[in-house]
Amino acid sequence: MKYLNEEVAKQLEEIFSGMKDDVTVALFTKEDDCESCEDTNDFISELISVSPKLHLENLDIDKDSDKANEFEVLMAPSIVLLDKDKNYKRIKFNGVPSGHEINSFISSVIEVSGNSQKLSDEIQARIEKINKPVNIKVFVTLACPHCAGAVQKAHKLALENPNIQADMIEAQTFFDMSEEYNVSSVPKIVINDEFEFVGNQPLEVFLDEIEKTQVA
Amino acid sequence: MDVNLNLSSNTSKEKLTLDKEIIYDLIVIGGGPAGLNTALYAKRKGLNVGIIARDLGGQVLDTSSVENYLGFVSLSGEELMKKFINHVNELKVPILEYEEVETIRLKDSSSLREVVLKNGLVFNTYSVVIATGSKPRRLGVPGEKEYSGKGVCYCAICDGPLFAGEEVIVAGGGNSAVEAAIDLAKITKKVTIIHRSQFRADQILIDQLAKFDNVESKLQTQILEVQGDKFMTGVKVLNKNSSTEEIIESAGLFVEIGYLPNSEIFADLLELNERNEIVVDGHGKTSVEGIYAAGDVTDIPYKQIIMSAGDGAKCALAVNEYLNTINK
Ligand SMILES: Cc1cc2nc3c(=O)[nH]c(=O)nc-3n(C[C@H](O)[C@H](O)[C@H](O)COP(=O)(O)OP(=O)(O)OC[C@H]3O[C@@H](n4cnc5c(N)ncnc54)[C@H](O)[C@@H]3O)c2cc1C
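From first to last, the protein sequence lines are chains A and B. Residue 1 is where the first sequence starts when you use our numbering, and the numbers rise one by one after that. Residue 1 is where the second sequence starts when you use our numbering, and the numbers rise one by one after that.
One chain only, chain A, in its complex shape:
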């Protein structure tokens, strides 16, 4: 193996044995103008090989534009997690989920497999009330220890409510986009391109900001 040493591979195998159903990892790459696509493909292939429940589907953002549209994929490399019936669950990783983001990747895979973590009744009730479309962007760097927690929360919100969609965006891979969104501290969370905050804040804070998009 190129990226995972034996010890890490074994730990991952153990962690992924906690999956309930199978999960498909749809990896969108493109032929030109994608510096990290090949490495991302190699990394994901290796990651997936540690569990029989994980399946890779290689797609091309241009050639498979139907699927790209369906899964709301706008850039490459982008990774979409699909459940056992290959349903889109509205969560994505744009850029490679290595470094600390391996942790958000793991937790989202476990969630999508059907082994879902229960939230408090109060939080659950607030999530259920969201009835207008919400897009959450979480900008991260791979060396940031707090970022995976924020991605995990954003993904969890999307998994709990079909009106919410959540993207991890690796700030160095998508440098122009992070410039556009004025990212200079991570994790930076942007909601519906309008409301934003910095830091791995509690779910309550995510919901406070999300609820601002629901009025009017």
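Fair warning: there could be bad hints in the mix.
Said to hold, decoys possible - Footprint (simulated), chain B over chain A, 3 or more residues, beta carbon under 8 Å:
#	stretch
1	3 to 13
2	28 to 34
3	72 to 86
4	95 to 104
5	111 to 123
6	199 to 207
Said to hold, decoys possible - With a cut-off of at most 25 Å between alpha-carbon atoms, the simulated DSS-like pairs for lysine-lysine come out as follows:
#	chain 1	residue 1	chain 2	residue 2
7	B	K20	A	K118
8	A	K212	B	K118
9	A	K30	A	K67
10	A	K2	A	K53
11	A	K10	A	K20
12	B	K83	A	K10
13	A	K89	A	K212
14	A	K30	A	K63
15	B	K211	B	K190
16	A	K20	A	K86
17	B	K20	A	K212
18	A	K118	B	K92
19	B	K236	A	K118
20	A	K10	B	K82
21	B	K20	B	K107
22	B	K43	B	K285
23	A	K10	B	K92
24	B	K118	A	K129
25	A	K129	A	K118
26	B	K303	B	K285
27	A	K63	A	K20
28	B	K150	A	K212
29	B	K145	A	K212
30	A	K2	B	K303
31	B	K107	B	K150
32	A	K10	A	K84
33	B	K190	B	K236
Rather than coming from a laboratory, the hints here were simulated on the basis of the structure. Only a predicted model underlies this, so the values are computations on that prediction, with no experimental measurement involved. In this text, a Cβ means the ideal position worked out from N, Cα and C, and glycines have one as well.
Position chain B with the ligand against the provided structure of chain A, taking the given hints into account.
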């Protein structure tokens, strides 16, 4: 490309969490070196102990390398914390992560204590060790808050990569400032380290910093203001020797000027000193019976990993003695 597997939160298979229905001997608030070592010692004494932590690992996770923890010549903060957490997990201590404690309530005259979370959950215990650590101190100058997240940063390893090839400033003169400057010098075009007096960092770190030719030190220099428009563009400083002001242009300012204790939530309950640290006696006891505190959040001098860990051990042993004296 590598992976930084976080063993604490992901082995969801046999994750032990806290039980609302039982009364704990001890609840530890915080999952840094102080909290983890408290739990380790308490569990080995046979106490029924649980940990509640906003983030397991604490500040050490923000440290790129630790070179002063006995037994380890050099390793990343994260590797060290993994060893700590694995050790605690071996003893099967239940841990509630990603939750924040709001307050501790006393129950009339009984020795019961209630630990109340932000989400409303309440846990019962006979004793508490507060090990909530500290957070970065702010400069407190105009523009700092306005440009926070727009150039002003408090975590060099997190945000450093966003400034690759640019010029940045580090504010501070202690170990964490010099460490941040070293980390940033490797990826940015230029680092200016600004401190209002002389370096307080370990000589060994100052020597390491001197090896970089893209680092400039401005000592005896005080930051007066962070300036910018949409983003920060620079800082205004006062050179204390020449009493002159100048503007230093920069895309980023990394503030590393020390730490403030995470003690606000206990201000009404416990005695704090003028620096807002929880006042403890030689056994880690606070001003309230059955409540102990360990590590960076307390008034012990010198805040270091090994100190916090040792302090946690002390508190666990003191709690063990205390529990023998009360009627459960
Ligand atoms: C950049 C940097 C570099 C450093 N380098 C070194 C070094 O090289 N060597 C060294 O010895 N020391 C170093 N230190 C200092 C060292 O990290 C601290 O002294 C040590 O981490 C303190 O441990 P602690 O357990 O007291 O608190 P912390 O590590 O701060 O842990 C506090 C814990 O409490 C939790 N918490 C806080 N509030 C709440 C709440 N309300 N509810 C629930 N949980 C809560 C936090 O999530 C965390 O788990 C460095 C610090 C920094 C920031």
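Does the alpha-carbon distance linking K63 (chain A) and K20 (chain A) stay inside the 25 Å limit? Given that 25 Å is the threshold and the Cα spacing comes to 32 Å, the pair is violated.
Distance restraint between K150 (chain B) and K212 (chain A), which requires alpha-carbon spacing of 25 Å or less: 22 Å, holds
Examine the stretch 95 to 104 of chain A for residues whose CB is less than 8 Å from any CB of chain B, and state whether their number is three or more. holds (count 6)
Given the proposed pairing of K83 (chain B) with K10 (chain A), does the C-alpha separation stay at or below 25 Å? 17 Å, holds
Just to be careful, I want the Cα atoms of K190 (chain B) and K236 (chain B) compared with a cutoff of 25 Å; is the pair within it? Distance of about 18 Å is within 25 Å: holds.
25 Å limit on alpha-carbon distance, applied to hinted pair K10 (chain A) and K84 (chain A): 24 Å, holds
Straight-line alpha-carbon gap K236 (chain B) to K118 (chain A), limit 25 Å: 50 Å, violated
Is it true that the CA of K43 (chain B) sits at most 25 Å from the CA of K285 (chain B)? Satisfied, since the Cα-Cα distance of roughly 19 Å is no more than 25 Å.
Does K118 (chain B) pair with K129 (chain A) here, judged by a C-alpha cut-off of 25 Å? 21 Å, holds
For the stretch 199 to 207 of chain A, do at least 3 residues have a Cβ located nearer than 8 Å to some Cβ of chain B? holds (count 3)
Take the stretch 111 to 123 of chain A, compare each residue's beta carbon with every beta carbon of chain B, and decide whether three or more fall closer than 8 Å. holds (count 5)
Are the Cα positions of K10 (chain A) and K92 (chain B) separated by 25 Å at most? With Cα atoms ~21 Å apart, K10 (chain A) and K92 (chain B) stay inside 25 Å; holds.
Of the numbered hints given earlier, the model fails hints 2, 3, 17, 19, 27, 30, 31; all others are met.
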